[in-house]
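Join the two chains, each given in its own frame, into one complex according to the hints.
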Amino acid sequence: MAYSEKVIDHYSNPKNVGTLDKGSKSVGTGLVGAPECGDVMRLQIQVDDTTGVITDAKFKTFGCGSAIASSSLATEWLKGKTVDQAMAIDNMDLVEELNLPPVKIHCSVLAEDAIKAAINDYRVKNGLEELVFEEKGVH
Amino acid sequence: MLKLPIYLDNNATTPMDPRVLETMIPYFTEHFGNAASRNHPFGWEAEEAIDYAREQVASLIGADPKEIIFTSGATEGDNLAIKGVYEMYASKGNHIITATTEHKAVLDTCKHIEKLGGEVTYLEVKEDGLIDLAELEAAIKPTTILVSIMYANNEIGVVQPVKEIAAIAKKHGVLFFTDGVQAVGKIPVDVIKDGIDLMAFTAHKMYGPKGIGALYVRRKNPRVKVTAQMDGGGHERGMRSGTLNVPGIVGFGKACEIAKKEMAEDAARLSKLRDKLENALLQIEESYVNGNREHRLPHVANISFKHVEGEGLLMGFNKNIALSSGSACTSASLEPSYVLKALGLGDDLAHSSLRFGLGRFTTEEQIDYTIEQITNTVLKLRDMSPLWEMYKEGIDLNSIEWAHH
Chain P
1 MAYSEKVIDH YSNPKNVGTL DKGSKSVGTG LVGAPECGDV MRLQIQVDDT
51 TGVITDAKFK TFGCGSAIAS SSLATEWLKG KTVDQAMAID NMDLVEELNL
101 PPVKIHCSVL AEDAIKAAIN DYRVKNGLEE LVFEEKGVH
Chain W
140 MLKLPIYLDN NATTPMDPRV LETMIPYFTE HFGNAASRNH PFGWEAEEAI
190 DYAREQVASL IGADPKEIIF TSGATEGDNL AIKGVYEMYA SKGNHIITAT
240 TEHKAVLDTC KHIEKLGGEV TYLEVKEDGL IDLAELEAAI KPTTILVSIM
290 YANNEIGVVQ PVKEIAAIAK KHGVLFFTDG VQAVGKIPVD VIKDGIDLMA
340 FTAHKMYGPK GIGALYVRRK NPRVKVTAQM DGGGHERGMR SGTLNVPGIV
390 GFGKACEIAK KEMAEDAARL SKLRDKLENA LLQIEESYVN GNREHRLPHV
440 ANISFKHVEG EGLLMGFNKN IALSSGSACT SASLEPSYVL KALGLGDDLA
490 HSSLRFGLGR FTTEEQIDYT IEQITNTVLK LRDMSPLWEM YKEGIDLNSI
540 EWAHH
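Those protein sequence lines, which keep their order, are chains P and W.
For the first sequence, the positions run 1 to 139 when my numbering is used.
For the second sequence, the positions run 140 to 544 when my numbering is used.
Same shape as in the complex, but just chain W (with noise of 0.2 Å):
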């Protein structure tokens, strides 16, 4: 029996793996020590239980476990990462290369960047959603001291080019940070292979809980620090005070450790069930995939039905299953996705997504009435659709002149 609603947006959060959160459970009553406890077996257990997930979650990115500094989330992370490197390099430059198509935890912390009186440079991606290499190379200059490019985006899925990036900046003496938060636990990431110098992650975008992070800042070729961004206790070698969120931390552990043993099998799985959902409604007339298909997550589908407008595509299943949409109808700007408009999708095409992510819990039953319900609604929707209408007649939409407002 298919157990409704089905829940297809692992991009947004994951639901916790239910070993992860059995680990965990004694560290909220039993184990409860304050990991800075330094004189009594609370504290050790504690800050014993801390070094194990540290070495588990080291291990998925193949980092030193010395080099893993505990956050509350992603954010948190992106924004260590940027402003602490913007302040620990002051006396190098102050200059951060960017992309339109990161995630708000990086732009907006740029935008504080610039308020402060740095400069900030954003590459326009090219139509699949990657980044030009020659243009991040031309971009560099003797001020530069970060390159923040994501490891893969969290609308579209697409992988960006990170070794290249990397040996880009490496090459011009630039540091490169990269918003993990999509790509860790479910492709392979090395920090020594692909050459990156910190990188922000989050548990609960691989079942773990929410709440915690990490970010890996390199501490051999070059060392790398950051200037705290909390002050405090001086946790975390310096660069994050706070009482360490133990059960957090050690389901995080639990996460990562599951993700490296079965990350293989999962991306496999589901791909084979992201194509087949994306070959199914590519069926649909008219709807087109955003993004590189080649390089790109293997569980994410951005699709667009031309047309037919979005949130008006979500409510006719919404009740069933859990998607999002490139649309905005309900901001207050009615602005579309910006990743989107970055590919450069007209502002139409933008509004007529939606973002599929598959996860460890998604079954073939569940993408099959997938296709079939998003099927039903796009055509009928197009049934009344007056762009639709005009569209089949023939009538080319650009001619029109539409009361924009």
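This is chain P alone, in the form it adopts within the complex (with noise of 0.2 Å):
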């Protein structure tokens, strides 16, 4: 299967890999997916208190090219935004930025989880309760 020229970029040079400090408050970390299903990401945020704005945002992924490109797009995203802003990226948005064929979606779908996982995991750290997402059904 060929890949798009973007996903090759984001694979070849991927921006945010790294990790922040999991146990500070003004981080929310989210882990998903499974070693079995072949793909695992961390996406984690660093939000300014005061603004609720998400200076930093860092990735690791272990999986196929497609799920690197989607995690390594995701931050790009999510710097800038405020934690509000952050809720509202779609699966689907990435799919068509990075051209995903059918088969990949599911990684996009995987990046959007592990938006939502650290927005809630930034939530409870800071004493606000978890938010419920709409399942997406796609694995």
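Derived from the structure by calculation, the hints contain no laboratory data.
Do not rely on the hints blindly, as some may be mistaken.
Listed next, the in silico DSS-like pairs over lysine-lysine satisfying Cα-Cα at most 27 Å (straight line) [claimed, not checked]:
id: 1; chain 1: W; residue 1: K531; chain 2: P; residue 2: K25
id: 2; chain 1: P; residue 1: K116; chain 2: P; residue 2: K25
id: 3; chain 1: W; residue 1: K302; chain 2: W; residue 2: K364
id: 4; chain 1: P; residue 1: K22; chain 2: W; residue 2: K531
id: 5; chain 1: W; residue 1: K519; chain 2: P; residue 2: K125
id: 6; chain 1: P; residue 1: K58; chain 2: W; residue 2: K519
id: 7; chain 1: W; residue 1: K519; chain 2: P; residue 2: K79
id: 8; chain 1: P; residue 1: K22; chain 2: W; residue 2: K519
id: 9; chain 1: P; residue 1: K6; chain 2: W; residue 2: K519
id: 10; chain 1: P; residue 1: K15; chain 2: W; residue 2: K364
Computed list of chain P residues with no C-beta within reach of chain W, every gap over 12 Å [what the hints assert, rightly or not]:
id: 11; residue: Q46
id: 12; residue: T50
id: 13; residue: S71
id: 14; residue: W77
id: 15; residue: A88
id: 16; residue: M92
id: 17; residue: N99
id: 18; residue: L128
id: 19; residue: E129
Here are some chain W residues pointing at chain P (derived, C-beta under 10 Å) [said to hold, decoys possible]:
id: 20; residue: A419
id: 21; residue: Q422
id: 22; residue: V447
id: 23; residue: G449
id: 24; residue: G451
id: 25; residue: D486
id: 26; residue: D522
id: 27; residue: W527
id: 28; residue: E528
id: 29; residue: M529
Backbone N, C-alpha and C fix where the C-beta goes; we use that ideal spot for every residue, glycine too.
Rendered as structure tokens:
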């Protein structure tokens, strides 16, 4: 299967690979997927407590090129957004931007799940209730 | 100068040897006759060419030319052998024994037999990929008519104890069929010494053309017959109808002749290169060879790189190196290799595997380049793998509650 140029670019030069301090109150961490399924994503956001703006985002992903590209792009999009704006990121936006084929849509769903999990982790750490998101059900 | 891309997927198919192509060409144009045309020189020429090729093919496996039934390839050979025996020996029984690591052409044919009312036992393999001979013998019952165990595995290259399997089958009066696709032309296969009753193999895995293969069907001690699965002109002793693919058969014959002559030399050279590749890649932390390393084809290696996903790994160099992975991130099921899982590998390790199939045209320079590329990519991907980070922090990955999809 041929990959789109954007996927190849993110794979070859991934943006924001790394680790934030998961113990910090201003960091939200989302760990989604499973090794048995062939993909695991960890996405982290650093939030400015006063403005609610995501000042930094990092990821590490075990998975195929599309999974790596989805998480790399997601971190790019997260930076500069407020937490509320971040919640509006939809997996289909990632699919469109990266030209993912149908068999790779699950990679984008995983990235969206990772964003939401990171947001919830941040919320819980800061005394807010966990948000319930509807299941995408692609897997 | 190293020419890219490099082909290391010779278990999938091999490039055709130029000597084979050269032999085939006249049979597309000048000598185009139908080997079944008995009344003119065009037919005679074709028939003569077929006879010669049949001898070349038979000679490679120690068979009599009359025991070679040409097919379109090994999938057809597997189907013809299993379904053909099932029908032919229906009065004797309806039980077949095979193994979970067989090729899909065997497994799916067996599933078909089950739908027809037959009974199939699927033997588990040991963690090195070999079957347990005691388990095989214990599985034989009065209704057993066939044991179907592959000679060598396409994913891990493990070579089964064929002689011992044949002896057990013979002792119980059961026929022994082997899918010889990966072994024939690569390691010595002799149907008499090995005690094989039926064997499917194909030209395109041994530097011959695609679309031509053979089924060996024993004629003596015992005389074996299979029920034809295609009706027609009664070619190939009535077991496989259809106009013979003369250029393909001529090429297959030539490929067999070359294999017979050069097999030992090829194998010695390739096992050295394979070992060099394998030993270099095993220098990478947390990398493992899958399958028995001793009873193995000389040109095959299957290696898992823990905490790196196979397809992602391939992407690091697949423009330059052609390989395959046990990961199946593209398939709808997302299921990794069933062969690796049958060895008891966790899904994570199965997802992390690469299969190397070296071939006649593989060079040392190519292997050196491959070692470098793969090592770099594994290290790069581990730097971005959350699993590797956790592993390095001493976190037991099994203690994490993963969200299974």
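Here is how each hint holds up against the structure:
no., hint, result
1, W/K531 - P/K25, "holds (24 Å)"
2, P/K116 - P/K25, "holds (17 Å)"
3, W/K302 - W/K364, "holds (21 Å)"
4, P/K22 - W/K531, "holds (16 Å)"
5, W/K519 - P/K125, "violated (32 Å)"
6, P/K58 - W/K519, "holds (16 Å)"
7, W/K519 - P/K79, "holds (24 Å)"
8, P/K22 - W/K519, "holds (23 Å)"
9, P/K6 - W/K519, "holds (19 Å)"
10, P/K15 - W/K364, "violated (64 Å)"
11, Q46, "holds (17 Å)"
12, T50, "holds (30 Å)"
13, S71, "violated (9 Å)"
14, W77, "holds (18 Å)"
15, A88, "holds (22 Å)"
16, M92, "holds (18 Å)"
17, N99, "holds (15 Å)"
18, L128, "holds (22 Å)"
19, E129, "holds (20 Å)"
20, A419, "violated (24 Å)"
21, Q422, "violated (22 Å)"
22, V447, "holds (7 Å)"
23, G449, "holds (8 Å)"
24, G451, "holds (5 Å)"
25, D486, "holds (4 Å)"
26, D522, "holds (7 Å)"
27, W527, "holds (8 Å)"
28, E528, "holds (6 Å)"
29, M529, "holds (9 Å)"
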